[in-house]
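Kindly generate the complete structure, drawing on both the sequences and the hints.
Chains as they are written, first to last, in my numbering: chain A, 58 to 525; chain B, 58 to 525; chain C, 58 to 525; chain D, 58 to 525.
To be clear, the hints were calculated from the coordinates, so they are not data collected in a lab.
Among the hints, erroneous ones may be present.
Since the list gives no way to pick out one identical chain from another, each pair is judged satisfied if it fits inside one copy or across any two copies.
Claimed, not checked - With a Cα cut of at most 27 Å, we get these calculated DSSO-like pairs of lysine-lysine:
| id | residue 1 | residue 2 |
| --- | --- | --- |
| 1 | Lys105 | Lys419 |
| 2 | Lys233 | Lys171 |
| 3 | Lys105 | Lys230 |
| 4 | Lys419 | Lys230 |
Every value quoted in this text rests on a predicted model; they were computed, and no experiment measured them.
4 protein chains.
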Amino acid sequence: MHLDRIIRGATVVTGDDARIQDIGIADGRIAALGISLSAEGAEIIDAKGLIAMPGGIDSHVHISQPSGPDVEMADDFDSATRAAAFGGNTTVMPFCLPVGDATLREAVADYVGKARGKCHLDVAIHLIVHRTDPVTLGQDLPALHAAGFTSFKIFMTYADMALSDRQILEVLKVAKDLGAAVMVHAENEDAIEYLRDEAERAGRAGPAMHARTRPVPVEREATHRALSLAQIAGVPLTIVHVSNGEALDEIRRARQRGQIVHAETCPQYLTLTADDLDRAGFEGAKFVCSPPPRDRAAQAECWAGIEQGDFDLFSSDHCPFRFADAAGKDRPGARASFRNIPNGIPAIETRLPILFSEGVVKGRISLSRFAAITATNHARLYGLAPRKGMIAVGSDADIVLWNPELTRTISQSDLHHGADYTPWEGFEVTGWPVASFLRGEFLLHENSLAEYCGGVIACGQPDQRAWQ
Amino acid sequence: MHLDRIIRGATVVTGDDARIQDIGIADGRIAALGISLSAEGAEIIDAKGLIAMPGGIDSHVHISQPSGPDVEMADDFDSATRAAAFGGNTTVMPFCLPVGDATLREAVADYVGKARGKCHLDVAIHLIVHRTDPVTLGQDLPALHAAGFTSFKIFMTYADMALSDRQILEVLKVAKDLGAAVMVHAENEDAIEYLRDEAERAGRAGPAMHARTRPVPVEREATHRALSLAQIAGVPLTIVHVSNGEALDEIRRARQRGQIVHAETCPQYLTLTADDLDRAGFEGAKFVCSPPPRDRAAQAECWAGIEQGDFDLFSSDHCPFRFADAAGKDRPGARASFRNIPNGIPAIETRLPILFSEGVVKGRISLSRFAAITATNHARLYGLAPRKGMIAVGSDADIVLWNPELTRTISQSDLHHGADYTPWEGFEVTGWPVASFLRGEFLLHENSLAEYCGGVIACGQPDQRAWQ
Amino acid sequence: MHLDRIIRGATVVTGDDARIQDIGIADGRIAALGISLSAEGAEIIDAKGLIAMPGGIDSHVHISQPSGPDVEMADDFDSATRAAAFGGNTTVMPFCLPVGDATLREAVADYVGKARGKCHLDVAIHLIVHRTDPVTLGQDLPALHAAGFTSFKIFMTYADMALSDRQILEVLKVAKDLGAAVMVHAENEDAIEYLRDEAERAGRAGPAMHARTRPVPVEREATHRALSLAQIAGVPLTIVHVSNGEALDEIRRARQRGQIVHAETCPQYLTLTADDLDRAGFEGAKFVCSPPPRDRAAQAECWAGIEQGDFDLFSSDHCPFRFADAAGKDRPGARASFRNIPNGIPAIETRLPILFSEGVVKGRISLSRFAAITATNHARLYGLAPRKGMIAVGSDADIVLWNPELTRTISQSDLHHGADYTPWEGFEVTGWPVASFLRGEFLLHENSLAEYCGGVIACGQPDQRAWQ
Amino acid sequence: MHLDRIIRGATVVTGDDARIQDIGIADGRIAALGISLSAEGAEIIDAKGLIAMPGGIDSHVHISQPSGPDVEMADDFDSATRAAAFGGNTTVMPFCLPVGDATLREAVADYVGKARGKCHLDVAIHLIVHRTDPVTLGQDLPALHAAGFTSFKIFMTYADMALSDRQILEVLKVAKDLGAAVMVHAENEDAIEYLRDEAERAGRAGPAMHARTRPVPVEREATHRALSLAQIAGVPLTIVHVSNGEALDEIRRARQRGQIVHAETCPQYLTLTADDLDRAGFEGAKFVCSPPPRDRAAQAECWAGIEQGDFDLFSSDHCPFRFADAAGKDRPGARASFRNIPNGIPAIETRLPILFSEGVVKGRISLSRFAAITATNHARLYGLAPRKGMIAVGSDADIVLWNPELTRTISQSDLHHGADYTPWEGFEVTGWPVASFLRGEFLLHENSLAEYCGGVIACGQPDQRAWQ
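Okay, here's the thing in structure tokens:
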């Protein structure tokens with residue numbers, strides 16, 4: 058048996074459990090798992106004391122996404138994928154959003170072009186569907202699906218992207234016909250706009266109003282509505298960035314009705330609260346994302362959802378802006394309103410250490426469950442399996458080695474994203490990814506990156522069963 | 058790398074997914090998984106077209122269990138484990154029940170003695186705790202736990218075994234201190250006895266009354282009570298043989314409260330109904346088990362629980378009696394009442410084919426999920442992992458090969474259990490286990506068994522997290 | 058004590074219970090309740106064996122409402138109030154809907170004009186709010202509210218009337234400021250239109266498609282959405298014509314969250330099913346209303362809601378069209394689609410006997426509860442109390458006398474509405490209103506009507522507590 | 058029309074609403090309600106500015122009840138009914154409990170004897186059924202039921218009274234056959250005893266342990282169990298003294314299943330918390346009752362249940378002991394444990410003012426609802442209607458006049474019960490009963506009582522519909 062490289066002695070995490078064994082790599086793939094593997098000429102990597110995990114897949118990141126006339130996203134493919142790689146990932150999935158008159162196919166060509174040669178790890182692309190004209194639904198989506206873009210994201214909020222219920226049903230119909238996966242951002246746009254106007258009329262404009270104008274019922278409502286439309290259309294649906302127990306209960310109810318629903322949460326809903334948006338000065342702007350972080354009780358409900366298996370996916374919803382830009386919005390003379398704070402936080406590099414530390418080290422979840430919700434399930438749902446997401450014979454050797462005992466304090470000065478702050482400044486974590494492999498070659502090694510070794514990859518058909 | 062034997066070309070099922078790869082076996086364990094494994098001198102087993110699954114673990118079977126003065130269980134270790142092996146299992150877990158004045162330790166010694174030399178596959182033993190005297194709780198359980206008997210079963214029904222709530226709390230306390238797993242048969246004894254007396258007073262004595270005197274609220278009540286006691290004691294709990302959606306809802310509610318609950322269902326609740334107990338003549342006696350099969354709606358609720366991941370375990374609750382004996386109870390002169398029909402049905406050999414056919418072949422669940430609920434989770438919960446329950450490097454090579462296309466009609470004439478009938482007579486299934494290995498050696502091969510190659514094994518500490 | 062008239066010996070129904078006593082009437086009001094009342098010169102009406110009930114208030118009827126270019130509603134104020142009076146009512150509440158450019162105030166003036174001199178009983182008017190321009194919200198609604206039009210109805214379906222979520226919030230805000238009551242027709246317009254287009258594309262156009270294109274999730278979704286918007290706005294809300302248990306569960310959940318919600322159901326949801334829409338030929342068109350009748354299970358859920366007190370209001374949703382007109386839509390050459398069947402059924406005359414017979418006579422509800430949901434609660438919610446809705450000292454002497462033993466078979470030939478059919482043709486009921494008084498004078502007597510004795514009355518402030 | 062007495066100008070509260078009218082009384086009954094009632098020779102009582110309410114019925118009080126060898130209840134019929142009368146009641150319902158070998162019939166005779174000549178208001182008696190021998194079930198209950206003792210109370214806790222599930226079913230069966238009402242104290246005795254033993258072993262013995270050894274799951278469990286047994290038996294059931302939302306949710310679930318359930322709560326669950334049991338020294342003993350007061354969240358859940366109509370009954374659960382006695386249990390040398398604190402608090406005189414002030418004055422409930430849950434529903438459920446519980450023609454003139462603006466601070470020094478403290482010392486209330494009539498005669502007048510004017514009355518058949 059020919060092997061190029063053998064990772065020896067790590068605790069290897071699979072869907073079944075975690076145990077010490079060797080991983081044999083050949084031609085970029087995992088060729089063998091075994092006890093005391095050996096092969097002539099194979100490079101031996103000593104990984105004793107480390108944990109070998111499927112490379113992180115972050116299926117919810119925003120990179121170089123058009124964000125309105127005055128704002129530029131803080132990450133392009135270079136910086137975003139660099140930060141992702143340092144954070145233990147081997148694949149990320151950003152969103153392609155057409156601007157102006159561009160068709161979705163044109164937008165994809167353009168977006169792939171932006172990624173070309175700038176990727177430090179593998180990238181697969183979701184399509185944002187924010188128009189439902191015949192070209193988009195009838196031509197672009199089928200063509201792009203055939204070309205390996207098999208997941209669609211739709212929005213129920215943001216004036217320039219929100220779909221009506223009728224449009225949502227039309228997208229769901231196309232997805233059903235194609236077998237595509239659909240992910241939905243569920244917040245009620247009308248209610249938010251109503252509350253924002255009310256707040257502004259009342260002269261309340263600080264960052265904390267961002268959370269107060271997007272209260273839990275706004276998310277619960279849209280979640281139930283999206284799930285009802287999926288029930289009517291007869292398709293599975295993925296609810297992204299669930300922030301609280303009321304929204305999660307809607308998902309549980311849909312499952313009890315027999316619907317197939319996949320659910321995602323993010324580090325911000327486990328560790329931050331709306332109080333953070335109320336920090337002195339304009340600091341609160343650093344925690345502005347949608348849905349907003351809630352309260353301690355909601356955090357506990359999200360943790361319960363992770364522990365009990367209600368959440369299939371743990372993503373970052375990385376959406377990086379520069380605080381300097383946001384703060385600028387608040388200077389005298391400019392319209393100093395929470396409305397103008399760009400919506401999103403940087404999380405691509407800290408997602409995995411936060412969950413490892415708070416989840417695995419604190420005993421809330423097993424290593425297998427960590428791997429499932431940070432990698433395997435992402436690969437399944439979005440058509441990257443069996444190639445990605447698992448340490449299994451035949452899969453790409455996308456592997457990350459964790460030192461489970463390394464304690465670090467998260468600090469902007471150590472991070473690699475394009476944002477100029479991190480919401481987790483000073484947050485202490487135990488466990489950190491110390492090395493990784495992308496398709497069998499070192500990606501992260503002794504704190505340095507093998508640069509630009511990734512690229513845009515195509516997705517296969519999503520696996521939309523209820524997996525649990 | 059030394060390998061004794063290579064299973065080549067099967068679709069190998071793990072917790073992550075199912076894919077074609079080779080399994081290398083050495084010294085009774087799985088030594089490697091890989092593509093084109095080879096080793097000098099290794100026997101090659103061609104398994105192309107077959108599915109390699111972790112050998113079935115049936116954690117809920119009754120063998121040679123004392124059943125009252127007039128009744129003998131139809132299976133001893135010889136016949137039960139033979140039937141289990143033919144049905145695709147490699148491990149079964151029966152229950153040790155003390156009789157008379159015997160202590161639990163004496164009963165275990167006696168029960169292990171009955172098994173010695175009579176096991177065609179591996180056997181691990183649960184302890185039935187039906188007394189809570191100081192010797193049992195303070196001496197026997199700790200000693201037996203230390204000796205590898207780490208799971209306790211308690212009953213809320215059956216006059217001679219039912220524990221009071223106080224006793225249940227005391228057993229839960231011991232289990233908590235030891236880290237033992239507790240499984241509970243949840244039906245309200247008092248309510249059943251009340252309804253039975255009422256039925257008898259009304260002169261209604263046919264087998265159908267068995268189901269009517271154990272209605273759903275009787276099970277729902279006891280399920281909620283058991284879960285409340287576990288909440289008060291602060292311990293995980295396993296609810297066995299859940300038969301309907303109302304009981305399952307109690308489990309869902311407990312999980313939403315944050316409790317760790319494992320749930321089991323059985324083939325009878327997916328395929329039989331209370332109408333079967335109403336068959337002409339005394340035929341209904343062949344379907345008498347507790348809880349009884351319910352109706353079509355309850356079947357659908359149980360299937361939904363399997364599909365949505367609410368059930369962790371799929372067991373047989375094999376509890377074999379001879380219809381000839383039961384029918385004898387109905388002859389003139391004898392007390393001809395449903396009360397005297399021994400409680401239980403034979404299912405040890407048909408459990409896996411029924412779920413494979415109705416679940417996997419009909420597209421309700423994936424192969425990974427099949428393996429999880431028929432083997433892996435049993436091993437996790439009852440302390441047999443990582444040795445048993447998975448096709449993973451280092452585990453015992455307990456493997457079963459399925460022909461997924463073989464269609465058979467279940468018939469008593471083909472089965473190997475000691476009962477003289479099967480409730481699934483004439484039931485057609487697609488998919489059948491055609492070969493198996495126990496610790497690396499052929500157990501089932503070309504329709505014959507390698508006899509008496511198993512034995513009683515010790516259990517380690519249960520893994521009582523919420524796994525999903 | 059002066060009394061004009063004494064109703065003697067009836068079983069008088071109040072909110073507390075039903076008992077035999079005399080009702081003394083003076084100057085159109087109830088002046089006394091007592092045992093053996095007497096007063097010089099008073100007319101004595103012998104009502105022994107009869108039940109004296111507060112005159113029925115039907116707070117959900119459509120009269121002379123604009124219904125699109127090709128359709129005319131089958132009832133004007135004359136025929137509608139005549140039928141209502143024969144059916145045991147003393148007050149009805151139709152809806153004022155502006156057409157074209159007319160302001161709401163102009164529309165009200167016009168609508169009151171249509172009623173003038175044509176009312177056989179008292180009439181109070183709800184306002185349909187289907188526009189949210191500044192004149193409507195800022196001027197018309199406050200002015201009309203001050204003039205005694207204190208309840209607003211909004212629609213989430215019907216293209217020409219449906220409000221967006223933003224508009225709903227704006228109407229709720231006005232209602233909150235004024236203390237007005239808001240009633241909502243909750244069905245998701247977008248989903249219905251999507252399903253209708255799909256049905257038409259599939260060439261399925263019969264009346265039965267009306268029900269199939271408005272399935273339960275369409276109503277459940279809109280119900281939850283409306284309740285969420287009310288939660289966000291912080292106002293009570295009334296959900297009209299609830300047709301099934303899933304929608305009712307949304308109301309129960311909102312109440313458990315602490316919201317004040319009033320709920321209404323109608324005779325069609327207790328006695329008809331979607332199968333009726335599937336009757337041979339075009340007969341199904343006679344049962345087309347929105348939401349549509351569901352199935353037997355949904356009927357049982359609605360009955361449970363009545364028995365358990367979940368429903369506050371039982372109305373007719375009388376919306377009469379001529380079958381001859383609807384059938385015309387189906388003739389060759391015309392667009393023969395369920396889409397063109399006018400939406401609604403006649404029920405104003407049969408509402409009370411159906412509930413009396415199916416509810417009171419069959420033992421499901423008490424006489425007090427009957428009075429509450431057919432009269433008292435309507436008066437409370439819509440600001441007619443304490444003047445209307447109760448047999449109590451000081452209230453208008455609006456009283457109906459029931460013969461609880463009279464059995465009749467409902468037949469179009471006996472009814473007084475303008476429609477040319479009744480959906481309850483042949484339905485047998487026990488209990489019928491044999492006489493009634495409006496403000497102390499005979500309205501219905503020996504099967505004839507005191508004509509045109511009613512008029513348009515103003516409403517006071519709604520009582521929007523949770524009453525139960 | 059002959060009238061003995063006319064109460065003039067009060068706001069009279071009925072089930073429909075509250076309005077100013079006169080009440081005419083003749084021969085102890087309400088003979089007329091009317092505007093400006095007059096009758097020759099009638100005494101006129103000017104009640105302008107006051108509220109006339111049906112006299113309070115407290116259907117859950119303990120008087121002279123045997124309480125174990127060392128403890129004497131602090132109230133006999135004299136003191137209890139005196140305090141009740143001063144608190145605005147006209148009827149109370151204590152419990153008859155047999156002691157020793159006495160049969161239930163003997164106990165009733167004895168208990169009626171204790172009441173004879175000592176009652177300041179009317180008294181109706183519930184039967185405690187704590188034995189299920191053939192004499193009790195087959196002879197005593199039917200005989201006593203026929204004699205007007207038509208409601209049974211059963212206990213699931215307290216070693217000397219708790220029934221097994223089998224016994225509960227047997228009592229429910231008798232109640233079903235007779236049409237008797239059954240009220241249940243729902244706490245799981247075994248779990249409580251287990252937790253008490255644990256607490257004592259841990260050396261934790263202060264009054265606060267009373268609440269900690271009766272946690273919410275103990276009550277939720279027993280509530281669900283009792284309701285399941287009632288479902289199996291097919292009878293209505295009343296759950297008394299519900300203390301929290303989890304138990305109330307069990308009641309809501311049972312109602313959604315179609316069961317008829319009546320629910321009661323008490324002032325302690327609306328105003329006290331478990332923290333009160335933790336007061337310095339032994340003061341906490343003053344708040345020991347079962348179930349114990351919970352936390353602020355549970356209070357809010359109970360208030361929501363009152364506002365939303367989930368509770369039918371508001372009673373005191375008056376169970377008076379002398380703190381001096383309880384405190385004695387804590388002196389050195391005696392067993393100083395929470396176990397020995399007599400279980401119960403005095404509330405008979407403060408029940409109505411607390412609910413009036415916190416409920417009516419604070420706008421949570423209407424006057425009609427106040428009357429319903431403090432008087433009318435008690436009369437309905439326990440067979441005292443139509444004679445008691447309503448201001449309606451033909452009923453006993455049991456009327457209480459409230460001054461809604463009188464503000465008082467509750468103080469032991471002003472109260473009339475036999476206990477030597479009140480848990481509400483210093484609690485300020487607005488609204489106080491200033492006069493009352495029992496069967497038409499002054500009972501309470503200018504702060505003095507017409508003594509010994511009441512007696513033991515018989516109950517009719519309970520009205521066990523779902524009333525709302």
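Hint check:
1. When the C-alpha separation of Lys105 and Lys419 is checked against a cutoff of 27 Å, the pair qualifies only within one copy, where the shortest distance is 22 Å, while the shortest distance between copies is 44 Å.
2. Within a single copy, Lys233 and Lys171 get their C-alpha atoms no closer than 30 Å, and across copies no closer than 52 Å, so neither meets the 27 Å cut-off.
3. Taking the shortest Cα distances, Lys105 and Lys230 never come within 27 Å of each other, neither inside one copy (50 Å) nor across copies (39 Å).
4. Proximity of Lys419 to Lys230 under the C-alpha cut-off of 27 Å is restricted to the inter-copy arrangement: shortest distance 24 Å between copies versus 43 Å within a copy.
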